[in-house]
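Engineer: Model the placement of chain B with the ligands on the given structure of chain A, informed by the hints.
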Amino acid sequence: MTALDAELGAAVRGSDRAVTRAEVEDFLFAEAALLDRQRYDEWLALFVEGGRYEVPTTDAGATPASQGGYFVCDDWDLLRARVKRLRSRKAHAENPPSLVHRMIANVRLLEREGDELAVTANFIVHRARDGRTNAFPGRYVHRLQVTDDGLRFRLRRAELALEQLEAGARLSFIL
Amino acid sequence: MTSPSLSPDPDAAPLVVQDWERLAFRVHRRAYRDDALFAAERSRIWDRTWLYLGHETELPNPNDYKVRALGGRPLIFTRDSTGELHAFLNSCPHRGTVLCRETQGSSKHFNCFYHAWAFHNTGEVAAIPDPSAYADEEYKASMRLREVARLEVFEGFVFVSFTDDVPPLLDHLGAAADYIRMIGEQHVAGMEVLPGTQLYSVRGNWKLAVENAMDGYHFSPTHNTFVGYLRESGFAVTDDDQYAYNLGNGHSLLILTGHGGRISMLWEPRFGEDERVRTAEHRREMELRLGSERAHLVADESHILFVFPNLLLFDLEGLSLRQLEPVAPGNTDVRAWQLAPRGEDPAVRDLRMRTMVSFVGPGGLATPDDIEAYEAVQRGIEATAGNGRAELDYSDMSRGMAADAAGERGRSTDEGAMRGFWRHWVRSVGAGGPVDIGTPPPPRPEPTPLPSSRPHGLDEILAGTETPAGQEEVAAR
Ligand code: FES
Ligand SMILES: [Fe+2]
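Just so you know, the sequences run in chain order A and B.
The numbering of the first sequence is my numbering, which starts it at 1 and goes up by one.
The numbering of the second sequence is my numbering, which starts it at 1001 and goes up by one.
With the rest of the complex left out, here is chain A (with noise of 0.2 Å):
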């Protein structure tokens, strides 16, 4: 058991058994297929009860969320609120929702403790909006609990590989 383990209780049961890395990669094409088309109910439902949504500053390096600034420290409750304010057509800065298209590549599976996975891959996401595009490339470091049917996000970590965001390029999307 990790420390996040007893800290999120056993609201989904985890499991030991073995993962693939194409497991991993069909978990996170699913998921990007549900952002591309801002399904964020079915996107939540992709987490376990107390995940986490994070995305550090360009300069952040390893400072942890709760001890520096960030661009997203959701916690279970404020990854709620944001869900519901995505959904709400007065999310004006997503209202009328961007256009994003996500492609996720070099996928690996690093550390597996029990019942949780680390996991990292490269994203680029590209959001069109007001007649600009913005492309934001980098990585994920996500760890994933795995349950006998399948992969959930306990922590869902994007981290930017860009030295800051660019004009017009808000992160009011999910990244």
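You can trust all of the hints, since none of them are fake.
These stretches of chain A come out as covered by chain B in the derived footprint (C-beta under 8 Å, 3 or more residues):
#1 47 to 57
#2 60 to 71
#3 82 to 90
#4 161 to 172
The list that follows gives simulated cross-link-like pairs (lysine to aspartate or glutamate, DMTMM-like), each with its CA atoms no further than 25 Å apart:
#5 A:84 - A:49
#6 B:1066 - A:59
#7 A:90 - B:1232
#8 B:1108 - B:1130
#9 A:84 - B:1350
#10 A:90 - B:1239
Worth flagging that the hints you see were computed from the coordinates, not collected in a lab.
Bear in mind that the values here come from a model prediction, so they are computed numbers and not experimental data.
Ideal Cβ placement from N, Cα and C applies to all residues, glycine included.
Structural biologist: Same frame as chain A, but now just chain B with the ligands:
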């Protein structure tokens, strides 16, 4: 007062129209998109005024440095080997190469890669290869790093000026100084800037970002989803009894009590029960340290402070500093830092980060809608540009102008703070400038900020916790 509709040439139309009869205040939209005006702002504001550079806690140790730009000029902000702060032009005195190409770090020297000149972080020349080719030692010494003309520090906030011809910093800050001082008084150990800078850029003129920060009118409609989140968490969001002030020299202030609590000072339900207990303890410490009157001012009110021309201080649930760096008429770089008490309890720090980032910043639940607003303004004002109907090419900021006329404080949901900003802008850009700014607006007395009378939240904080002797007055307020 000149009516803009009488001007046949749109470029001759006054930039700011202030009509005290009709209580109308309008700003010509070319102020947000005109290249000549942008150049005038650079030379008449950015090159002539104190500018916020950074916070001294960003450079905790000798030899630390950060690279950033102000008014388009690349700078190295460093603490030299003797501990003194400098702002060097990040440009080699030899032929102008960018000297430091890292964004931050620690170094006793800055070395130019081009011809290998080297400089101490005190500015002196350390080495010039083959120096015998130059006239003498004196010539060599004259090649020291170029510095900004002035650098002064107030309560840890470092300001610089590119000209000597500025008043002392404290005179420039004027009435804004006390609101900066209050930040340091929040915690006995003082405040520090945290790592993790939100670096982003918006497709909007810098003045739209200033207006937005001083605009309580937009809060409910623009931040509808965030207000909904606060309400659901049990917070009574209100715009009542909140005011906006012009502090002189272009600085302005919103005093807010109804938009959110304040970590460790003013509890609200979403902060949780542990924080409620910690808040009560911290408030007692504040009362003892500052006295109840001052503690009330420091703790119970949220402030949005604009320090002309480039610093926005969001003293809300937590503290976020925002520096505006205009890049082009329709493009602004923003740097935002979180300021937090030194040595803060990790649990509080965690709460602070989540709470503050959840609101402010380009990935939060609220700021993206602000950015959407100023980007949408920047696109929208093209509709009336140069179409020969000059009277349409104005943005209206008349809301609550009767208060200006009467010399009364304006509500936060009015546009008085914006008007104060624009009046100062006219004085700055217009004085002897290359642009016709129309008839300058007449001076009017500015009301002095008054503390909010609402006993906001204090009762709730102290409810259920023991009130120490001598604190009844505070609890009852
Ligand atoms: S330009 Fe720097 S050494 Fe020549
Ligand atoms: Fe706002």
